[in-house]
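So that you can map any letter, position 175 of the sequence shown is 174 in numbering that gives the first Met the number 0, and since no number is skipped, the others follow by simple counting.
It is worth saying that the hints were derived from the structure and are not from the lab. Hints are supplied without guarantee of correctness; some may be wrong.
To be verified - 27 Å max Cα-Cα, derived DSS-like pairs, lysine-lysine:
#, residue 1, residue 2
1, Lys63, Lys52
2, Lys63, Lys113
3, Lys143, Lys52
4, Lys113, Lys52
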Amino acid sequence: MRYVTVEGCIGVGKTTLTHLLSRHLSGHTVLEVVEDNPFLPEFYRDQAAHAFKTQMFFLLSRFKQQEALIQADLFSRTLVSDYLFDKDRIFAELTLSQSELSLYEQIFRALASKVRSPDLVVYLHAPMEVILERIERRGRPFEKDIDRGYLEALVEAYGRFFRTFDAAPVLTIDTADLNFPENERDLDVVLQTLVAFPNDGERRRLVTGQRDERQPSLV
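The whole structure should be built from the sequences, with the hints applied where relevant.
See the structure below:
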């Protein structure tokens, strides 16, 4: 398994798990540079006015990063990334007008055909209250104006996306009761699952027991 991506809604813990997996798998870490998008603070204050330029910045930034990985032949080693290129469409469909989305789709299709699909997607999800708590805890200034309704719509959109996503196997993990950075046993659950994950192209859901009886199983 050479290329693993970690996905999920804003605040669910993608980057934290990506760092930890990369360290334990001796992999190369690929991170989305969210803070570099100059339009993001304006977008959270007024989505309709700033959605298209915000989304195009993300799309082109992600593509340039993927292109650089191919040119550097980094796919020959283990990579762990905190984003899936295809997920860009989740945000586009949620925020762009019909005319903007039509133009966006043309550009997206041209770029996506040149991007490599991962060997496995680890899809993290959590209840809304947990997501809000994690966003507040990390304290990014540009996220202070995020609307709860937008986050709820985003969580639903992620669910719809991954119900039909078939470009790579998907491992779904509920992170509500997992604390990867502070509880090594929680991280071990995921690492054990990655090692045992069947190479059959199917999607799986990780089921764990109570905190004192962490016996992971795949269903």
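Going through the hints against the structure:
{"no.": "1", "hint": "Lys63 <-> Lys52", "verdict": "16 Å, holds"}
{"no.": "2", "hint": "Lys63 <-> Lys113", "verdict": "11 Å, holds"}
{"no.": "3", "hint": "Lys143 <-> Lys52", "verdict": "20 Å, holds"}
{"no.": "4", "hint": "Lys113 <-> Lys52", "verdict": "22 Å, holds"}
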